[in-house]
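When you get a sec, could you build the whole thing from the sequences and use the hints?
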Amino acid sequence: MKFHISGKIGVPVGIVILIVGGIVFASAFGHFEESEDPSNWMSEPSSEIIKEFIDEDEDGSAGWYIMIQGDYLADENNDNVTDACEGLNLTITDSSGNDVMESAGTVYCEMDEKYHMVTALDKEHVNQERHSQSDDDESYEEWIIVGIFCDTDDDAGMNGYYETSRNEDGEESEKLVQTGEYDRCRIGEEYTISNQNSSTEMVLFDRGAQAVKEGEGIFALCCGICWIICSLAIIVTTVISGFAMNPGNSAFTTMELGGASPVPVSGDGTAVPGTTSGAVFGAGPAAEPATEPMPVPLAQESDDGPVESSADALKKQFLAAADKITESEEPEKE
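With my numbering, the residue at position 110 of the sequence shown is 110, and numbering never jumps.
Keep in mind that the hints were calculated from the coordinates and are not lab data.
These numbers come from a predicted model, not from an experiment.
There is no bait here: all hints are sound.
Within a straight-line C-alpha distance of at most 20 Å, the following computed SDA-like cross-link-like pairs (lysine to any residue) qualify:
1) K2 <-> G242
2) K51 <-> E201
3) K114 <-> V81
4) K114 <-> N78
5) K123 <-> V212
6) K8 <-> L18
7) K213 <-> H31
8) K51 <-> D94
9) K8 <-> A233
10) K51 <-> E189
11) K123 <-> A211
12) K8 <-> S241
13) K114 <-> N127
14) K51 <-> P38
15) K51 <-> R184
16) K51 <-> G188
17) K51 <-> E102
18) K2 <-> M245
Structural data, given as C-alpha cells:
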C-alpha cells in the first residue's frame, strides 16, 4: 500500500523528537542523582572558609550550611545547648573585613524549635543515606548543621512560614507570614567564615548550588515528558494522514492523459461513466465535424423575363403560401 508524502516526512521527524525527548528525560535522573550526593556540595574541613556568593537568576539563593562534627542531641551539662557548640565562635566578614554576622546568617546551637528544624534540613538535604538508615535515632556523631548563611530566599524556612487563609468567596490561598529578616548577601561578594576556636574544624555545605541542580533535574524531567508526548502525537497523526491521503485510495484522484485532453478514470483504470474519451471532464459532447452549408439562391433566373433578386423570389414564395392557407380556411359553398 502506498504511503503519502506527509507520512514519509512526519514519521521520521517524530522519531527524532522522541529520541531527543528520551535523552532529555533520562538526563533528569542524572541531575537528581548528582544533587543527592552530599559530597558534591561539601567543602574540605577547615577553620576558615572563603566563599563567593552567587545568585545567577537574582531570584534568591538557598545559601550555605555551616557544619561541625558532633551530636544533635548531646547536652551533658543540660544547658539546652548542644555540646558540639561549646566554645564555638563563628564569624562572617565581607571582602572589606566588615563583620556582617547580624545580617548575613544565623547560628543554631540552642535546642529550641528552630534547632529541630535544622535537624530536619540535615535529614532532607545533607546526609540522606545516613539518616535513612537511622530514622528513629537522632543521635549522630558526624557533621551537624550549626549555622545557615546567605539564605536570601529563606529556603530553610527560618524567617517565615506559609499560612492558609480564605477570602470572602471561600477560596483558599497561601500567604507568607514573615517572622524575621531574610539573610542579606551581595552577589559577587566574597565572604570569609571563620571559627575563632581553631581546634574545631568546619565544612560548608552549598545548599544553594544543590537547589539549582535539583531545579535543573525538574526542568529536564518536564521537558523530556513534553517532547515524548509531542513526538508520539506527531507519529500517530502522520501515520493516519499518510494512509488517509494515499492517492490510490480515492476513485477520482488518479488522472490519465489520453491524447491532448485529460480523461478522468476510476482507481482501477476504467473510464468514468458519463465521459467521452478525449474530452475534458464536465464539458459538453465533442463537436461534430463541420459540413459545407447549403447554397442559398441569390437570384432566380427565367427565360421569359429579367433575373429576379433573391428578395423578390422569397416574397413570391411567401405570398403563394399565404394564399393556400386562406383558401383552406374558407368554407365550402353549398
